[in-house]
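J.: For reference, the chains in residue letters:
There are 2 protein chains.
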Amino acid sequence: MRIILCGFGVVAQSFSNLLESRTHDLYSKFGLKPRIVGVFDSKGCAYDETGLDLKKLNKIKKQSGTVRAYDKSIRQISGKDIIENIDADVLIETTASNYKDAEPGMSHIISAMKKKMHVISVNKGPLALAFPSLMELATYNQVMLRFSGTVGGGTPILDYAKNSLRGERILSFQGILNGTTNYILTNMAEGMSFDDALKDAKSKGYVEADESLDLDGLDAAAKLVILANWIMGKKVTMPDIMKKGIRKVSVDDIKNAQKNGSAVKLIASCDKELELTVSPVEIKINDPLCVNGTLNAISFTSEHSGTQTIIGRGAGGIETASAILRDLIDIRKEITKS
Amino acid sequence: MRIILCGFGVVAQSFSNLLESRTHDLYSKFGLKPRIVGVFDSKGCAYDETGLDLKKLNKIKKQSGTVRAYDKSIRQISGKDIIENIDADVLIETTASNYKDAEPGMSHIISAMKKKMHVISVNKGPLALAFPSLMELATYNQVMLRFSGTVGGGTPILDYAKNSLRGERILSFQGILNGTTNYILTNMAEGMSFDDALKDAKSKGYVEADESLDLDGLDAAAKLVILANWIMGKKVTMPDIMKKGIRKVSVDDIKNAQKNGSAVKLIASCDKELELTVSPVEIKINDPLCVNGTLNAISFTSEHSGTQTIIGRGAGGIETASAILRDLIDIRKEITKS
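Taken in order, these protein sequences are the chains called A and B.
Residue 130 is where the first sequence starts when you use our numbering, and the numbers rise one by one after that.
Residue 130 is where the second sequence starts when you use our numbering, and the numbers rise one by one after that.
In isolation and in its complexed conformation, chain A is listed as follows:
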């Protein structure tokens, strides 16, 4: 299976390592023989129709910060040109999420689907801004659009709700979908000020370059859009989410919650009327949803199986890479079926 990788940050590098370390296993278990035929980052590209040498690729990236030096003899072309001109079966989109125009990810995905490539996106931007129309485009072009890594990182939240609960109608859900704000709120509950907690989270590398994505609830809202479309069949996009971040959560709010046996959490929720909101909410300490640190958690309430909670790390390079691999295995399975 020929793959084009858009972006070569932490997730994409972890994915490339994962492919390399599992070459034999992937072939013997799933008949999967992935070849990365093109990759680009913000500074350059590398491509080879017979498949790039992943060890070399990772080494070059580490040394020089870009894949550009992989093969000095090839002509440097744009990401767009790679997608247009190199034949591949699957595009994996890993560039940074933005919620203004979702570029360049949006263009990558659209170009790829028009070229009949299947797409795996861990970039939430395009899905948050245009989930319904991207799905239509995928259907129209008879390709698969997968995005397991966008919600919950390596924790298969989307898959659980869609597949493990098949035959069950999910009535509502609520989740802690952003680990950074959970980390900040957890530290505040232990006595830190918002500013100190934010500083600490930054020092640990938990905060997005644009901190607004975390603090103002954009990241959580994007995940809510994806869940609402995929699980509840609601054709919504980012502007349909009522959202409020954690900047105004005061130490007093947190103390009040503690008096009630609760903690303040940034909750993304879809209630029984299918209202979609992201907002700080008091959650009872003994509710399974009430997890601390950078953990993510989501509780689904279904018609007959009661409320079920899944908890896991919501981010991380290798975890998200494992979600991409899951999608790739699925695509491979679907292709061989038809």
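By construction, these hints were calculated from the structure, which means they are not laboratory data.
Accuracy of the hints is not assured; some may be wrong.
For identical chains, the list gives no copy identity; a pair is met inside one copy or between any two copies.
Cross-link-like lysine-lysine pairs, in silico, DSBU-like; alpha carbons within 35 angstroms at most [said to hold, decoys possible]: (1) Lys363 to Lys462; (2) Lys401 to Lys185; (3) Lys384 to Lys466; (4) Lys413 to Lys333; (5) Lys158 to Lys331; (6) Lys188 to Lys401; (7) Lys291 to Lys229; (8) Lys184 to Lys201; (9) Lys244 to Lys188; (10) Lys185 to Lys364; (11) Lys388 to Lys162; (12) Lys158 to Lys328; (13) Lys158 to Lys401; (14) Lys191 to Lys401; (15) Lys244 to Lys384; (16) Lys191 to Lys364; (17) Lys244 to Lys172; (18) Lys401 to Lys184; (19) Lys401 to Lys333; (20) Lys384 to Lys172.
Model the placement of chain B on the given structure of chain A, informed by the hints.
T.: Only chain B this time, still in chain A's reference frame:
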């Protein structure tokens, strides 16, 4: 799809109600048209090759405590004879679990598979005592043997580990798999004595008729056998589990745990060396696994996705019935494939 129901207790009645209330939906969504053609409980049976009237069946059971009076004109025959003589596609085994000889469930399942019927079991006994050989028998007879409801009730723990984590190697897991002992230990943590906590659990109907199944860890061990076989590919049965129940957990043990920021929980675990044990263990209060009341929880640690925890009610008639339905939908899907 023609179904024989073995046993007509809470779970089977909930299942029958579920089928009745979802007749249209099951047909339109899954092409599933289930007909219960035979049912028996300890006092009698009812059968009709064109399908029993489920409303009437539930009513009769409620009134008389048995299905025997459903149709006084039919000859009363044994459960064994029903399985031998009535044609059906799926056998659903819901009689009570026992871990001595697993009868009568074991005979029901074996007879059905030999007659080329698919089997759904929520009875843990046969699986606990003979998982590997029952699986072989299913393979030999080219039938499916499913058991989603045996672990986690309506919470799809088995499915999650097997399907949602596909492509991931699970290295170890540990879980609270018995809600009754969790309820007792939770009450003890709040100051009750073991005897009072047990009495309270009994008054709420949480304790099995044979209390040893809960208190001595047999129920948890049976679930561990199923998980170890299904998820880890270990061909084990009940005697392979090292088990210790909660009868000897003292108030002092619980107080000591609290001093360490922990709680005592009856943990079923498969560690990295694949050692299988059921035993009271101290779990940190802030570990997502540390749930209270009758909740079940299980944490899987996989190679690349870290540790993930699923929490839900582990029992309940309607919840377990929903798991049976999930299995039935799967069987229907597999049949139409081939």
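J.: What label fits Lys158 with Lys331 when the C-alpha limit is 35 angstroms: within, between, both, or neither?
T.: neither (40 angstroms within a copy, 48 angstroms between copies)
J.: With identical chains treated as interchangeable, where does the CA-CA distance between Lys158 and Lys401 reach 35 angstroms or less: within a copy, between copies, both, or neither?
T.: Result: close only across copies, 22 angstroms inter versus 41 angstroms intra.
J.: Is the C-alpha distance from Lys158 to Lys328 at most 35 angstroms within one copy, between copies, in both cases, or in neither?
T.: neither (45 angstroms within a copy, 51 angstroms between copies)
J.: Taking 35 angstroms as the upper bound on the Cα-Cα distance, should Lys244 and Lys384 be classified as within, between, both, or neither?
T.: Neither: 55 angstroms inside a chain and 65 angstroms across chains, both beyond 35 angstroms.
J.: Quick one: Lys363 to Lys462, C-alpha cut-off 35 angstroms, is that within a copy, between copies, both, or neither?
T.: both (27 angstroms within a copy, 26 angstroms between copies)
J.: Could you place Lys291 and Lys229 in one of the four classes (within, between, both, neither) given a Cα distance threshold of 35 angstroms?
T.: For Lys291 and Lys229, only the intra-copy Cα distance (29 angstroms) is at most 35 angstroms; the inter-copy one is 38 angstroms.
J.: Treating 35 angstroms as the Cα threshold, decide for Lys185 and Lys364: within, between, both or neither.
T.: Cα proximity of Lys185 and Lys364: none, with 43 angstroms in one copy and 42 angstroms across.
J.: If the cutoff is 35 angstroms on CA atoms, where do Lys401 and Lys333 land: within, between, both or neither? Let me know, please.
T.: This pair counts as between: shortest inter-copy Cα distance 30 angstroms, intra-copy 37 angstroms.
J.: When no copy is named, should Lys413 and Lys333 be tagged within, between, both, or neither for a Cα gap of at most 35 angstroms?
T.: both (28 angstroms within a copy, 24 angstroms between copies)
J.: Tell me, please, which holds for Lys244 and Lys172 at an alpha-carbon limit of 35 angstroms: within, between, both or neither?
T.: Only inside one copy: Lys244 and Lys172 sit 24 angstroms apart there, 66 angstroms across copies, limit 35 angstroms.
J.: Between copies, within a copy, both or neither: which fits Lys401 and Lys184 at Cα up to 35 angstroms?
T.: Answer is between; shortest inter-copy Cα gap is 29 angstroms, intra-copy 49 angstroms.
J.: First find the shortest C-alpha distance between Lys401 and Lys185 inside one copy, then the shortest across copies, and answer within, between, both or neither for a cut-off of 35 angstroms.
T.: between (51 angstroms within a copy, 33 angstroms between copies)
Consistency note: the structure conflicts with the earlier hints numbered 3, 5, 10, 11, 12, 15, 16 and 20.
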